[in-house]
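**Q** Working from the sequences, and respecting the hints, build out all of it.
Chains as they are written, first to last, in this note's numbering: chain A, 1 to 113; chain B, 1 to 113.
Be aware that one or more of the hints could be misleading.
Pairs of lysine to aspartate or glutamate residues, derived as EDC-like cross-links and limited to a Cα-Cα distance of at most 16 Å, are as follows [unchecked claim]:
hint : chain 1 : residue 1 : chain 2 : residue 2
1    : A       : K69       : A       : E31
2    : B       : K69       : B       : E53
3    : A       : K100      : B       : E101
4    : A       : K100      : B       : D56
5    : B       : K69       : B       : D56
6    : A       : K100      : B       : D59
7    : A       : K100      : B       : E30
8    : B       : K17       : B       : E79
9    : A       : K69       : A       : D1
10   : A       : K100      : A       : D1
11   : A       : K112      : A       : D82
12   : B       : K18       : B       : E62
Some residues of chain B that are not near chain A, with every Cβ distance over 10 Å (derived) [said to hold, decoys possible]:
hint : residue
13   : E1
14   : P61
15   : K65
Because the hints were derived from the structure by calculation, they are not lab data. Fair warning: this is a prediction, and the values are worked out from it, not measured in the lab. Note that CB positions come from ideal geometry on N, CA and C, so glycine has one too.
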Amino acid sequence: DAKTTQPTSMDCAEGRAANLPCNHSTISGNEYVYWYRQIHSQGPQYIIHGLKNNETNEMASLIITEDRKSSTLILPHATLRDTAVYYCIVRVAWTAAGNKLTFGGGTRVLVKP
Amino acid sequence: EAQVTQNPRYLITVTGKKLTVTCSQNMNHEYMSWYRQDPGLGLRQIYYSMNVEVTDKGDVPEGYKVSRKEKRNFPLILESPSPNQTSLYFCASSLGTVPYEQYFGPGTRLTVT
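**A** Shown next as structure tokens:
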């Protein structure tokens with residue numbers, strides 16, 4: 001699986017957009033980019049995923065560069081409840097191994113009033 | 001409401017006393033798995049199941065057993081718990097392999113003394 005690199009931490013003002021970068025320069029053609037978050041020891045929560053195209057859902061937007069070597073998760077209007085550790089991971093499709101999630105360091109996001 | 005439930009949420013037990021942590025999902029998901037999360041070690045997969053009666057080892061299966069007799073349930077069994085199994089445990093489920101997203105339970109905090 002491709003390795004990902006994320007900043008260790010970032011702060012964001014409440015009500016502003018939070019842009020979380022992720023580098024995955026060794027990603028291969030059948031690997032998806034996933035974002036999950038974990039709010040202090042709660043169960044990890046799925047946010048969004050994508051392969052090539054940009055994606056948007058009710059929680060966030062995912063922007064993937066054309067060469068797929070990096071992506072950005074955008075939380076459009078951050079709230080205090082968005083304070084969490086955000087994990088960018090790359091998973092290969094259609095295999096049991098791809099379903100095994102191994103969260104690394106992630107980005108610790110602190111939303112401030 | 002679509003959800004993954006785990007019971008109990010908290011458990012303190014003694015070495016050697018058999019215990020079972022239940023996991024149930026109401027989304028008709030085929031894939032289910034168990035993880036443990038320890039400080040500094042991230043999320044590690046214990047066992048997974050691709051469907052009823054189909055289970056396989058993850059990365060850290062020693063000391064654990066699982067069964068998948070019904071699609072909705074995937075209990076984790078510790079036959080003889082030891083202190084090194086003190087951890088935060090999560091059950092997860094998904095419709096299938098990637099690109100399907102995984103949904104996590106709220107977690108079970110287990111302490112073995």
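**Q** Hints broken by the structure, by number, lowest first?
**A** Of the numbered hints, all hold.
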